[in-house]
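Protein chains in written order, with our numbering: chain A, 1 to 339; chain B, 340 to 678; chain C, 679 to 1017; chain D, 1018 to 1356; chain E, 1357 to 1695; chain F, 1696 to 2034.
Bear in mind the hints are in silico, worked out from the structure with no lab data behind them. Here the structure is a predicted model, which means the values were calculated and not measured. Among the hints, a few may not be true.
Pair by pair, the computed Cβ-Cβ distance ranges are [unchecked claim]: (1) R1777/F <-> R487/B: 43 to 51 Å; (2) Y784/C <-> T1621/E: 52 to 60 Å; (3) T604/B <-> R865/C: 19 to 27 Å.
Keeping only pairs whose Cα atoms sit at most 20 Å apart, straight-line, the calculated EDC-like set for lysine to aspartate or glutamate is [said to hold, decoys possible]: (4) K1556/E <-> E1353/D; (5) K200/A <-> D216/A; (6) K1556/E <-> E1573/E; (7) K878/C <-> D809/C; (8) K539/B <-> E556/B; (9) K539/B <-> E336/A; (10) K1556/E <-> E1351/D; (11) K878/C <-> E556/B; (12) K1217/D <-> E2029/F.
One-sided and incomplete, this derived list gives chain F residues near chain D with beta-carbon spacing under 10 Å [as the list claims (entries may be wrong)]: (13) W1873; (14) G1967; (15) R1968; (16) I1969; (17) D1971; (18) A2002; (19) D2021.
Cβ coordinates follow ideal geometry from the N, Cα and C atoms, glycine included.
There are 6 protein chains.
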Amino acid sequence: VVGSTVACFGEVLLRLTAPQGEPLAQASAFRSHVGGAEANVAVSLALLGHPTVMLTVLPENPLGQFCAAELRRHGVDTRAVRFEAGRMGLYFVEQGAGMRPPRVLYDREGSAFALSLSEGENWDEMLAAGDWLHLSGVVAGLGRGAARSLIRLARAAYERGTRISFDCNYRPSLWRQWDGNAGEIFREIVGLCELLFAGKNDFALMFGSDQSCGTDETEAFSRGALTALSRFERLRYVATTMRERSEFDDHSLSALVMSRDGLCTARWYPLGRIVDRIGSGDAFAAGMLHAVIRGFDAQRAVDFAAAAACVKHTIAGDANLATAADIEAVLRGEFELRR
Amino acid sequence: VVGSTVACFGEVLLRLTAPQGEPLAQASAFRSHVGGAEANVAVSLALLGHPTVMLTVLPENPLGQFCAAELRRHGVDTRAVRFEAGRMGLYFVEQGAGMRPPRVLYDREGSAFALSLSEGENWDEMLAAGDWLHLSGVVAGLGRGAARSLIRLARAAYERGTRISFDCNYRPSLWRQWDGNAGEIFREIVGLCELLFAGKNDFALMFGSDQSCGTDETEAFSRGALTALSRFERLRYVATTMRERSEFDDHSLSALVMSRDGLCTARWYPLGRIVDRIGSGDAFAAGMLHAVIRGFDAQRAVDFAAAAACVKHTIAGDANLATAADIEAVLRGEFELRR
Amino acid sequence: VVGSTVACFGEVLLRLTAPQGEPLAQASAFRSHVGGAEANVAVSLALLGHPTVMLTVLPENPLGQFCAAELRRHGVDTRAVRFEAGRMGLYFVEQGAGMRPPRVLYDREGSAFALSLSEGENWDEMLAAGDWLHLSGVVAGLGRGAARSLIRLARAAYERGTRISFDCNYRPSLWRQWDGNAGEIFREIVGLCELLFAGKNDFALMFGSDQSCGTDETEAFSRGALTALSRFERLRYVATTMRERSEFDDHSLSALVMSRDGLCTARWYPLGRIVDRIGSGDAFAAGMLHAVIRGFDAQRAVDFAAAAACVKHTIAGDANLATAADIEAVLRGEFELRR
Amino acid sequence: VVGSTVACFGEVLLRLTAPQGEPLAQASAFRSHVGGAEANVAVSLALLGHPTVMLTVLPENPLGQFCAAELRRHGVDTRAVRFEAGRMGLYFVEQGAGMRPPRVLYDREGSAFALSLSEGENWDEMLAAGDWLHLSGVVAGLGRGAARSLIRLARAAYERGTRISFDCNYRPSLWRQWDGNAGEIFREIVGLCELLFAGKNDFALMFGSDQSCGTDETEAFSRGALTALSRFERLRYVATTMRERSEFDDHSLSALVMSRDGLCTARWYPLGRIVDRIGSGDAFAAGMLHAVIRGFDAQRAVDFAAAAACVKHTIAGDANLATAADIEAVLRGEFELRR
Amino acid sequence: VVGSTVACFGEVLLRLTAPQGEPLAQASAFRSHVGGAEANVAVSLALLGHPTVMLTVLPENPLGQFCAAELRRHGVDTRAVRFEAGRMGLYFVEQGAGMRPPRVLYDREGSAFALSLSEGENWDEMLAAGDWLHLSGVVAGLGRGAARSLIRLARAAYERGTRISFDCNYRPSLWRQWDGNAGEIFREIVGLCELLFAGKNDFALMFGSDQSCGTDETEAFSRGALTALSRFERLRYVATTMRERSEFDDHSLSALVMSRDGLCTARWYPLGRIVDRIGSGDAFAAGMLHAVIRGFDAQRAVDFAAAAACVKHTIAGDANLATAADIEAVLRGEFELRR
Amino acid sequence: VVGSTVACFGEVLLRLTAPQGEPLAQASAFRSHVGGAEANVAVSLALLGHPTVMLTVLPENPLGQFCAAELRRHGVDTRAVRFEAGRMGLYFVEQGAGMRPPRVLYDREGSAFALSLSEGENWDEMLAAGDWLHLSGVVAGLGRGAARSLIRLARAAYERGTRISFDCNYRPSLWRQWDGNAGEIFREIVGLCELLFAGKNDFALMFGSDQSCGTDETEAFSRGALTALSRFERLRYVATTMRERSEFDDHSLSALVMSRDGLCTARWYPLGRIVDRIGSGDAFAAGMLHAVIRGFDAQRAVDFAAAAACVKHTIAGDANLATAADIEAVLRGEFELRR
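Between the sequences and the hints, there should be enough to build the whole structure, so can you do that?
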């Protein structure tokens, strides 16, 4: 079975990770990985068997080449990547442990990607062949020009009949810099989507805080998701992960999907020994996209995507390198040594 | 106190382990360790203070030399090892974490050991001095010639008065390749043994599935072990480990020993942060052999062997490098920093 | 806000740590860190913002230079360090995991520090500027001359009006070598202190075993601490950590502080995935000193110091490299990924 | 400028390299790289800007996936790779230094590639789009079936008008195993080629030893190359590298190209500090192919290819990861720190 | 003997170095070092025994703290460092080998240091205690504001009687960005200096190209240096290193110093196996400053500074970590294993 | 062919090596190797095929066990090793490069070996089976008791008919500590030897400085060696290596052997890229012993031993891990990549 073509548009970042147990201020070495929310989705989808295309701008230097090569290694098509002037967007990661959470230091200003968006890059022709386009709110947060570019791209895709998936991924530190109206911009894009990743805060931004209140997380999500489904008729699924910490690093993870047929809830997975939790939301998004493309029903979709997010915690780097077989094994509860 | 001489006969493998958090398909580096079920038992016994001899065939190349040297490093006598043509049997290990179990990829076909068994190697004279001979069902699974060699070696030892220990270690993937009758072969060897490591599936193979049923694992083991003791009069102990997973990587381990005086059960040890669980069964076998040689009673034997299997989980590589003092500390529940 | 100057007097050691999962007897590599109880306190205080001075003797060789440089790196003033003949005091660390506790092999005999103490080093003039002097019982354990030097230094500081903090840190293996009377020596120093770190065993040494009995650890501590406060009028706080292990590596940590206003207890923190637990007592001592210098009340002091001890478990090496912001985040229960 | 499509057919191997200064018999760790003569050429051509396709069979397991991913990372198109049963062909590398040359231990028997060739894999349809096909004598050495497959593939390509490049790469250890007639098979393939990589020994195999004698290496090559050009009219270039060692590791490298216009010789490059010399012949072949495709004249071709072979010595792993700009810098003699 | 206080003003950069043999475009890991021309001089001077102060601005984040800590580790006083908004200036280093020279990719735009210079930071009060101030032309290259700041600082120091050392360090890529007149700015600073590091190109910028011509490098330097000495009466020494490459990585290094007493030339040192050549110019500058402060005559000064530059090639990272004893050993030609 | 049994008596040390390019004062990690002059000879002889026994005392702790295990790994029989109280003798190694020679920092005082020698350990019974006993002057340098023990052991061996080999290995830093008369002690031992390793300085110590003068190194050696042969009638061979440095790290190595038939000289081998030169003298001694045991003539002996010393420079750690085949390849001048 060959999957549909999925195009992912967004900024690719180079992640530099300090060794376990070393705070960033002490780090005498770094491992490098490719990262960025949309790139993480692209890598996971490629490993799940979908032809996947990355739409981005990278700097014309060895760091940009490294990132493109890593995406290619994981099976993502990089022929549409543009190499332009500017720097490589970086982020530094301090791996947490126990009660010390991981920490991310962004160093992404002035990147080739950010520079190019303000100059009105035209990605339209790249979309001709794509069945799906995955976008994230991180791009919109980069500035007014970037937000406009994102909306224009979403509209062009919509008009071509490309199906759109959108992960709000609201990062207050970005939006604060230019005082952007995230709610308005998100609403504009969500109106073009079939698949939406959003949580309580995102609903509050889009619909006001009374649309995401409730006695617990599930209730707040349900209210917000139903509002979204009622306002945007093209929307088919609204999805989110939930994380609980009974104590410090004793996380467990579940997920919710609201469709026009009602709410489906995944089981709670205790996460045990976490190797790397960054990118678990992207792993979830890729799992949902996979499920929707493959035509899973909503319950199977939320189960698969939640299991994908859980397995991600056992893999170093941002991207979920698990295969569908690995995720299915988690779903079946197979924990035996595999020979 | 000096222990008895124990000879271990079996294939030595070179283990190549990918870094933590890296799936095999991404592994850019490997650590090398010596491995193989019988070699693991030999190493652990040597570290527990017993003169231990490895009987095996290694390839005449640097990888074979590496494995012999590593065995020697741990105190195993390698003067009886033969270096012959053929390749080094390998296996690649992907370290699991949390809900992703470890994964082993075997690459052992055409090894010098397997080649030599079909040519009727004669190990008899090596056995003259041995008090004990430890064997495993892995060798029998390698093919018809190998199974015949194993039985012949067991008989020769038996006739010399060497005491025999046998770990069924049933690996379906091996037996399937030549359609061998594991039950028949196991029965033949078990008839010569004093010490048997077997679980529910092994009893079913040897005696039919009604001999290993029961409402729980302990009951099934008891039924099978009593059948074995009743059929084979030389047999003194039948032993096994039990593993429970309340949730994903939250393993706990216990063990059972059936003797003619009845069943002894070890306590359940929660395993906590697992470094490497491969080889814990071999650590248990070595612990039991040590206990039997030292003349521990059955309860102390199962306690010691279970503690040995548990400590193994904290040590990288296949072999249990713990000393008797380390294991006794676990038995006494000493968890303080040792200065 | 700039803190008070704290001088820490004691031996600096070079710690050599074997890789995770490797027993010392197998270790083919070591990482080097600076260590020693008083140096750990100095480093943590420097990172918490206090001008900190190390008073010690290091060998006149590259290993001594390494240790001074590492202290300097963490912000400790090393201008008072003396470089003299003798060797570098070492200790080798085997990292435990799960049920295998960490293990420390000391190799500190004949160190430049120990040699110099018997020759009556005069540290007095270094103390002129110090507001606080932190000492530990480890120095006293090194021998008769060292104990005398420690007392002389404490008295000189006392006479100058320097406030004194003392951590009993009783190490039986040291005291046994010269048959020193720890109780007598500790009493002499405690009489000069404002801040004392002591537990049940230390009270028994100082006041007899009936002063530290009780149905539980809290009761025993309370009895001993009240005795200390009643006998030594300068003393303001007596503090200790408590550690519980529900099962093997499932540690949790709390702390107690007794002042003339009564007992304050910190909450129990489960420690989860431990990176390195050595030095957590020193992290606690630094946390208490910070709290006392900053004028926290007793409850906030014990909370802060306990959280400091907990965060230490997530950092490799002996010294707590956490900042005040890291510790405050633990106190507030913030476990989110920090971007 | 976009290059021509080049298809490379051959076995991809997984290379496991011991750390510098460690003999294979001591190696406790290995780095993994993708290797194999034809794959090395493919990687280098991709980095030089040519659309490059790998035609091979890999095992259906994580090691096979690793190799395909690594090729993709370097820009080689792997969509034509077939994943089938069998093992991954391996080789272990001991890095030499000074007077100890590097050492390669092959472990490639029973590989998925070798197994598939005896079963008559049909690669013909893959060739439709290729402008060039690069082959090597290593494949022919694998056995009678493999040699036949190679010839069939070369003929199919020839008939489609694909231009053929062939590197004799004579490995006596392979040919000896099945007593193949290398000279006859090489002649058959060379008759279809435009570009041939061959040295003195290869000419002796193909044309008899009187065709490659001479007072020095250049003379022997010239005689053999002229014979080849006179016998095979399609042949345009015959090329080889020369290596001199004035003393131990003090290598220098040059190269020769014979065309119908006569002999061109590259300068002698001293190699200095060698990082990894394996694969320098493949780097040369890729350099020549690049030069021929780009239409360089023979002198510029031999200069460029020799410089490519030299730069390879500074890069770890088998494949030449240098770009055209790196190689041009060597040609221009630019040795300054590049900022 | 305690040295004079030397203040070094300039940008501190974080260097990220790829592993040996890996081009930047392939680098999966980086080692971190502190770097920057003036910081390198500060570190070397501190290790040579001089009280050394770093005057700079670092970002208020963990990377800035890392750099300050590393400087402190080497004995540089960082109490005058200011932590302000902005990013950490980075550069990525590809280690060359043989004929592939090392390569530096700068990523320093928008750094906290660069931002602060345009806002007129006032460093004057920091200079009160300094005997010497070392500056470099890199700062001037950062932009018009930076150049003005540098001149203002030099004048303020001059007026206070602080002696000034200046290394032209002309980086065309920086000056090109804002079209700055390097010659004019350099002349302005050199007029305030006692010690100048300049080569042929720098003289051409300052005095026109006829002032640095000649049949060889020594002649060109002499002409330029004499012009400088004649125009700027405060100037006492003009110094430079010379590098020769007989073949590729077969470097040798010498140095020239012109004083009012004439030219002194160091011997030519062959460099042999180079570990890291970046920062050798800074090592030379530190060596000259040391020699001038200590009052060496010109010949001994140039010998010492050349030897310092040579030893730097054997040490990883930018800064010369050699001690005066190490450098003296090179001067005496001692190559024996030191026990 | 099985060799003769060789017993090596001396102190085993644990070597801790800093990473390449890092001075000891900066070393954040160490690799561990077993070392010590006599142990190095034992390891090399075992790898050359001789049954080899180590006679030593190690501390009863994990570091002592590590050293014994490493010796065993290389095939040395450790059953005669005694484990006693005391510390592990250590030495720290800074790897040099280019003009910075390697540096060794000893930390061996108070070792279990040194302590036991003063208490009159009796090794006599261990010698019954040995054909050869290899000793070194390092032991004699440890102190008066150690020197007496060494002489007693040599005499006991002599009386039993064991043949003795002695390497003077004069270390002034050791002898200076107790003002021992090295010449007298050496003469006493040499009188019992067949094989002596000594150079110019050793002859001066033993026979006065007029016995080792001459216009060059060869002449000085010849004079001293002839004196030794004339005074000690049991002596058959006197041997030494010579090292030349045309420039810095451009070493070359040769060797001399004087027998009663005259002088034999090995060729000069340029050493090229040195990985580790420590232990090359021990590699030479092992090569000579091998040659004498195998009955090589003097010329072949000196050639083989010199080649052994050269190959050692390419191997990390103290011990020569080369096989006879590796050394023979150097003798034949084979520098090709070995497949």
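Exercise for review: Find the hints from earlier in the document that the structure breaks and name them by number, from lowest to highest.
Suggested key: 3, 7, 11, 13
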